[in-house]
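K.L.:
In case you want the letters, here they are:
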Amino acid sequence: MLVAIPTNGNDLSGRIDERFGRCARFILVDPETKEFKVVTNPAAVQSGGAGITAAQTVIDQGADVVIAGEVGPNAFSVLERAQIKVYSRVSGTIHDALDLLESKQTTVAEEPTGPARHQR
Amino acid sequence: MRLAVASGKGGTGKTTVALGLAIVAGEVTLVDCDVEEPDDHLFLGGKGDLVEEVTIPVARVDEDKCTHCGECARACVFGAIAVVKDQVIVIDDMCHGCGVCGLVCPEDAIHEERRRIGEVTLQERNGLHLYTGFLDIGQPLATPLITRLKTLAPDNGLQILDSPPGTACPVVETIKNTDHCLLVTEPTPFGLFDLTMAVDMIRELGVPFSVVVNRDREGYEEMDRYLEKEGVPVLMRIPDSMEIAKLYSRGLHFVEAMPEWRERFSRLLDELTGGGA
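First to last, the sequence lines map onto chains R and Z. Heads up: the first sequence is residues 1 to 120, going by my numbering. Heads up: the second sequence is residues 1001 to 1277, going by my numbering.
Bear in mind the hints are in silico, worked out from the structure with no lab data behind them. Among the clues, some could well be false.
[Stated by the list, open to error] Not close to chain R: a few residues of chain Z, all C-beta gaps over 12 Å, as computed:
1. Gly1010
2. Gly1046
3. Thr1055
4. Leu1192
5. Arg1237
6. Glu1271
[Unchecked claim] Across the chosen pairs, the derived CB separations fall in these ranges:
7. Gly1274/Z to Val45/R: 42 to 52 Å
8. Asp1108/Z to Pro42/R: 18 to 28 Å
9. Glu1271/Z to Asn8/R: 51 to 61 Å
10. Glu1052/Z to Gln105/R: 50 to 60 Å
11. Thr106/R to Val1232/Z: 50 to 60 Å
12. Gly62/R to Asp1108/Z: 28 to 38 Å
13. Val45/R to Cys1169/Z: 15 to 25 Å
[Claimed, not checked] Once the Cα atoms are required to be at most 30 Å apart in a straight line, the calculated DSS-like pairs of lysine-lysine come out as:
14. Lys34/R to Lys1085/Z
15. Lys104/R to Lys1085/Z
16. Lys85/R to Lys1085/Z
Just so you know, these numbers come straight off a predicted model, no measurement behind them. Just so it is clear, CB atoms sit at the ideal spot from N, CA and C, and this is done for glycine as well.
Bound conformation, chain Z alone (with noise of 0.2 Å):
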């Protein structure tokens, strides 16, 4: 079973809330698709080893060959390639490696190297199998590191995902063929209005999905009104508590230290996998 959280607004706690799952879990695969600024492994500490090096194609033109036609930057949807007089020029941070230059050139002078974005690293503990993705700094694509990602980490037992923020092509990757999605948020403003986004991504994708309202307190009614009119189902309500913050800010998930969640929580992935993953 693919399990994925994610939330709309940054920040709202879908690293708790997957973390969680994955530490009652006991077998699990979490994959940390937040591949800009993975923070998972920083509760399991170290890096993990490398699993591959992920390269994407970028386009190279053999300028022995090019006629400067300039047939490959008007095909270019990305806008990656520029003819200039006698010289072209691929700005390697635009292209995305789709090779729609290669198939117009009249010449056959476009060749597709490979270059680097990043990597895939794998740690355990306890049966916990996390997968990161590590985006290079600077490299503006984030969405072929994470569809890397998902294919690396195996989903053949529980596997839960941990999601960029947004509602943005990364997060669409991550979520889509999940058979469930945990949206997390918080009663503020930002946290609704960030909400109702995710809701109508998600819904676009198909993918079932239900709430787990995180730092929960009185004041904001707004947040209930919404999940009630639109019929979203609340699994969880994560208080706005002192306690869970301390242990969090010092690395130490409140699953492992207060028994009462790690019941909960338990509770949580039981109802979501079906009593059995």
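Chain R extracted, bound-state conformation (with noise of 0.2 Å):
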């Protein structure tokens, strides 16, 4: 299994990224190796489209599932189309979000947390 998280940080001490779209980096790792690698998210300075262009970059790193705070509905219906596993409203340290994912104490998200944030 690959976990795809949204991070300012590059390794599993940094903190989870808010936002999904707009986070600077994901971090990719294995939960049972704790194996990782980082991939700068090129929609971080994209005009419009966030969202979906971050999404495409996970599941072009072959993540399974994502953990993140935000995920709004563009994101989050590309996701869902790609039958990645959403857990959201998560916070803390990748350490933290992996420890969650293990203790099972998150469900995975049936909707986006919120609306787009379209730029105009």
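Since each chain comes alone in its own frame, lean on the hints to assemble the complex.
P.N.:
What follows is the structure in structure tokens.
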């Protein structure tokens, strides 16, 4: 299993970036082995449609699960279509997120956390 | 002649000034470009007659031809396309209809359909022809509707464009290619801050401009200091008047109810049009 988490940091002690579409980087981590890699989020500086491009990025990286703070409707619908499990409204460090997943203290999100923030 | 009325800050009196000028102009085309929240029509009554349903192109993928290579998603600068395993997702609201996905598709698997984003209506009263753009609720793209609205509204005589607030794309679309822009402001810190952004924007566009100060009153000198420093002419000051506000709240423009204001708006129009529209 591969877990994608939006972050401002560069390793497992970094914090979850509450924004999915506009986060600086994604950390992709195997929760069993704790092996990880970090990829830049190209949508961070995109003028619009950030959520969609960010979702595309984690899909292309082969993620099965997303743990995040906020996930908007466009990102959510793309992740849903790719059958990626989304855990939203999670905060803290990457370690915290993995602990939460392991202890099954969070449930899969069934809807986006809020409206899209279109920049027009 | 094309005359735009804009503001920066919302609620400063764009519609008040645009309507006042249109009412005294006689034969005129008034264009309500504030398509997210048009309000000029409220003073004429009704919504007017449909001129056109406005549509924009949206990308559609032929799944029989698509190999899910992802070229279209990578080319889309608006992030409107995602390629997920064996399907392509187009987020219609984000698609600007630019067509680049179709150009880069190696399988020729993308075509365009049209989708409705709003409508343009027309109503007439005493020589005032009002063209209004109504953006459909939930649609995020105001600019293409304004572009179409400006194309549909005749500009052979005097045309007055009532702009949306702000300094973003819909405002730029409204003001560009006009002959003059009136910036309506109010003597408050918010009014001044947004005015400075509007002035910066309009200087980029190269459109000549001047200022109308609305709800004018004593006690905020920073506005005048800024206007003087920047050399921006003030063509009219409308006082903070309970009588004007009361008329307006009943859907009556003070130009129609107060003869001295009809005279002042006529002089303002003459000044802007050089005496003859």
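K.L.:
Confirm or reject each hint.
P.N.:
Evaluated hints:
1. Gly1010: holds, 15 Å
2. Gly1046: holds, 29 Å
3. Thr1055: holds, 18 Å
4. Leu1192: Holds, because the least Cβ-Cβ distance between Leu1192/Z and chain R comes to about 25 Å, which exceeds 12 Å.
5. Arg1237: holds, 33 Å
6. Glu1271: holds, 34 Å
7. Gly1274/Z to Val45/R: 42 to 52 Å: holds, 46 Å
8. Asp1108/Z to Pro42/R: 18 to 28 Å: Since Asp1108/Z and Pro42/R have Cβ atoms about 26 Å apart, the given range 18 to 28 Å holds.
9. Glu1271/Z to Asn8/R: 51 to 61 Å: Cβ of Glu1271/Z to Cβ of Asn8/R: about 55 Å, so the range 51 to 61 Å holds.
10. Glu1052/Z to Gln105/R: 50 to 60 Å: holds, 55 Å
11. Thr106/R to Val1232/Z: 50 to 60 Å: holds, 56 Å
12. Gly62/R to Asp1108/Z: 28 to 38 Å: holds, 29 Å
13. Val45/R to Cys1169/Z: 15 to 25 Å: holds, 18 Å
14. Lys34/R to Lys1085/Z: holds, 26 Å
15. Lys104/R to Lys1085/Z: holds, 28 Å
16. Lys85/R to Lys1085/Z: Satisfied, since the Cα-Cα distance of roughly 15 Å is no more than 30 Å.
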